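Visitor: Here the protein sequences line up with chains A and B, keeping their order.
Take the first sequence: its letters are residues 1 to 449, numbered as in this note's numbering.
Take the second sequence: its letters are residues 1 to 309, numbered as in this note's numbering.
Heads up, some of the hints might be wrong.
Ranges between beta-carbon positions, derived for each pair [unchecked claim]:
no.	chain 1	residue 1	chain 2	residue 2	range
1	A	Q174	B	G69	54 to 62 Å
2	A	G312	B	L90	17 to 25 Å
3	A	E80	B	L63	33 to 41 Å
4	A	V79	B	G69	34 to 42 Å
If you want the footprint, here are the derived chain A segments under chain B, 3+ residues with CB under 8 Å [what the hints assert, rightly or not]:
no.	segment
5	243–250
6	406–412
Think of the hints as simulated: they come from the structure by calculation, not from any bench.
This one's a predicted model, so the numbers in the text were calculated from it and none came from an experiment.
Don't be surprised by glycine CBs; every beta carbon is placed ideally from N, CA and C.
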Amino acid sequence: MIHPTSSRPRRIAIALLASIAVIGPLAACSSDDASGGASESGPLEVWTRTDATAAETYDDMFAAFTEETGIEIDHQPVVEFDTQLQARAAQQDLPDLLINDAGSLGEYVSQGFLAPVDRESLAGQEDISDASWDQTLGTDGTTYGVPFSRQANIVIARKDWRETLGLALPTTWQELDDLADAFATGDPDGNGQADTYGMAVPGTAQNGYIARWGVPYIWQAGGELLEQDGEGYTSVVDSPETLEGLEFIRDQFCTPGHVVPGSINYATSDIRSFQEGAAGMYLTGPYNFNSFDDAVGRENVEVIPMPEGPEGTTTFAEGENIYYGSTRERTDDRAALTEFLISAEGQEMGMDSPAAGGDGPFYSVVRLPVNTTLEAGEVYADDRWQVTADAYADASETFPWNINFIPFRQVLADGMNAMMADCESDLPALLEGIDAGFETELANQGLAR
Amino acid sequence: MTSASTPMEAHRVTDAPPRARFRARSVAPWLFLAVPLLFALVFKFVPLAEGVRMSFFRVQPLLGDEFVGFANYTRVLGDPRFQDAFSHTLLLGFGTTVGAMVVGFFFALLFEGSSRLLRAARTAVFLPVVTAVAVIGEIWRLLYIPSEVGFLNSILGALGIPAQPFLSDPGTALLWVGVVGIWTTAPYNMVIVLAGLAGIDRSLYEAAAVDGARLRHRIMSVVLPGLRASISVILTLAAIRSLRLFTEVFVLTGGGPAGSTEVWMTRTYSIGFASNDLGVASAASMLLLLATVVLTVVVRRFTSSKGAP
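Chain B extracted, bound-state conformation:
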């Protein structure tokens, strides 16, 4: 808003002395920003700096912290549990991202339009996004109850399929956690894709129809190229979010069984808050930050080099 006002205000205040005009104009936006900046400083940047500091110390709040150099980092990188957690995180992040994008895209095609029924359907589909993840986790845990009386198993039972262990089987637990992740994030992607679809020039569809293109061709040659910006947004958000995945896993399985669903954040949490080793937990968090930055930059590079806007 402030930047938009610049040319018009400059026109209005031509009588004022130039220096005073400059000062008032440059101070006002900072004053507006003061509140959010202060919040960011106190609640984001100071804790971040403190986290960086703690990652180099053996943290003992009362006795005084003890500098240990990179020992905390070495412990994280050398810990097989963290290595497993890292691969689970990547697997889950990648699977959830792809799954949520495909499902979101499918939903968007299904629910695009302006009829009242479609609007109601879109709202219903969007609900998981505005529901607290902890609540979603609890609900899915009930759905996944592995005995015959569990909700999903009773449906499977009616279809003649034997009861599934779902989250109890170390071989498949990660998959079922991923399904919950897809269910939660797909509707958000749907909205982004819907916005992208609205931006596609209708005449392109008509031209494609005239050229005799089938649905498959229309999706590949018109819709997907038109959605490049939307997909870039989805991927960037996914890159930032997927690595710090925590709540779903924590509520659904707590990292089990046999550590098969342990992700980077649940491991960090248990080191930091169950074992009270805040130094090592901080080092793990810093590594996560680093990985997130790298992944985000890579995704941005990758998606923006595919074509200029």
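Just chain A, same shape as in the assembly:
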């Protein structure tokens, strides 16, 4: 084990080499970081929150843009978007342009991530409705984003099951309730076993899933969450209307068979019951059409316009915006790309409809177009998309986008998850807890009136 002393210099040399081998790359890394800041020429760095499949749709769009304008795009599909963005912010070097949740606007503005957008200077801006543009205003009245894609949640259901049971499309909460009951007890798949359920529900509080799923019922009952009041907000969640919506949701959870067992812990990625023919309904976004069609057959997947609650049919809307990183200044190139992305041509490419042909991947990164010259139903050649577009246009509401709503969403989701986890839970007390949580968060963010 012990070697002659003559080998010691060699050992020392090896140790030194090893140290250099470790330090070398680290030093190289840090010099990279330092030089990454000033990229005012070269390709335009664009981040999208996408996985590999969706990234292909973007790549096709950017390739078309480069061909038209000669401006090169360095497209970075990022899954852990916000974590990565924080890291880049720490280096004082944000991407030129980012496409991400419209709901991130308030938080990004508060962190200084976004450069203002000059709406009037963008060609084609008039093709986007004023209502959509208004959603990109910060609390200070400045435009910080460009609408890119919108969507509304709708009830996706098993048409074959419903027809087998001889039931009509539900138009009220009561009929929705009856349909869930029929799916659970009427053996709609005809296999003679009680193995079907009314609805699939992402019920976990993680990432606010249950709040995004369930908030339409609060709105349909006439409840509201926060009310804007100048630059501030007040909590208006603790109302009899909100309570009524929450009671309806809990009735679903607590009526055996209405909700797939275990849903209280499920995120959207855990939901397989609809695809596997165990659940008959799923309140979710239209981006699932393709995968559901593949799983249970396109002819069996229908979209139900939101059944009416006591006060209406309001559903939950989300979307994505185009944002400009505040540390970069390539105004003209960014404007050129934006103009392409909101043009009818760009939007249609982003919708990536199978009806338009081409070689796919048929993953729509533009769900409902913000460009008013396009009709979703026509581009997709699919009535279900038109139902979705109508739901968005007629009666939809979003979470507030001009503030950092994520902590509020978490408070709401935690409260709702607690309510639905236990059929004996004290709803009024838990609702008071949500209200108190909202007030605390308003104070934390300096938004309280």
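Add chain B to chain A, keeping to what the hints say.
Guide: Positioned in the frame of chain A, the structure of chain B alone reads:
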């Protein structure tokens, strides 16, 4: 290895001038250590220091951090969700530790020996330890599916027991998370106990047999005292690990339902990465570090005072 070489090398190099000998000998180990130390510095100590710094700031990477004193700590300590998470963490850590120790001990007694069959059995039992916790979580989530078609429920159904809600019931979810924790860590404890068992002098068993001791007496008077060192190791490791429990909970329940399985780390994660409040998350992490250090010291004190080696 370097320290073992010292006496022999000193003997060999008596001709060299004393100062040169001293220098070369004292530099060489540091050079060897340079690589791991550098790694530790870059990936452990620098982030730790940064974490300490961030815990006193409102973290805004672009606009510049804003010093807030102990405000982040006050927010963590005053947050009822963190208080609940802390008690869940203690409960889960304690339950998992005790459960895994008992099961590990039982396994060790069951699988001690050198026959090929026992060796194969030991390997099979050890598998959970080398499986990624995220994978284990996913598998158990499938086993725990609360409808009649779930794996465990279909077994219970065959025995005439009604379907259990498992992770869906806020009253029992923590228990079922604990079962997964025990299943994962017990085999590791088994190996430590097996090593301890091998160190017990066989003649003690013979003496006990001669004295007419039953199995119960042999375990209490021979095996357990002989395993003191092993148990100390198990407890120390458990003290360090149990408080930072994360992956099982995150994968199995995400902290739900109704926050009933939320532990310190899942709460910290959601504050840090869902709400992007890195200052508060850092403060929570520092408190966790402090609690871990205290717990480890207490466990060491407690187990070593019970008897000298």
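Visitor: All hints are to be evaluated individually against the structure, with a verdict given for each.
Guide: We went through each hint and held it up to the structure:
1. Q174(A) / G69(B): 54 to 62 Å: 56 Å, holds
2. G312(A) / L90(B): 17 to 25 Å: 47 Å, violated
3. E80(A) / L63(B): 33 to 41 Å: Between E80(A) and L63(B), where Cβ atoms are some 22 Å apart, the hint is violated.
4. V79(A) / G69(B): 34 to 42 Å: Given about 36 Å between the Cβ atoms, the range holds.
5. 243–250: violated (count 0)
6. 406–412: holds (count 3)
Checked against the numbered hints above, the structure breaks hints 2, 3, 5 and satisfies the rest.
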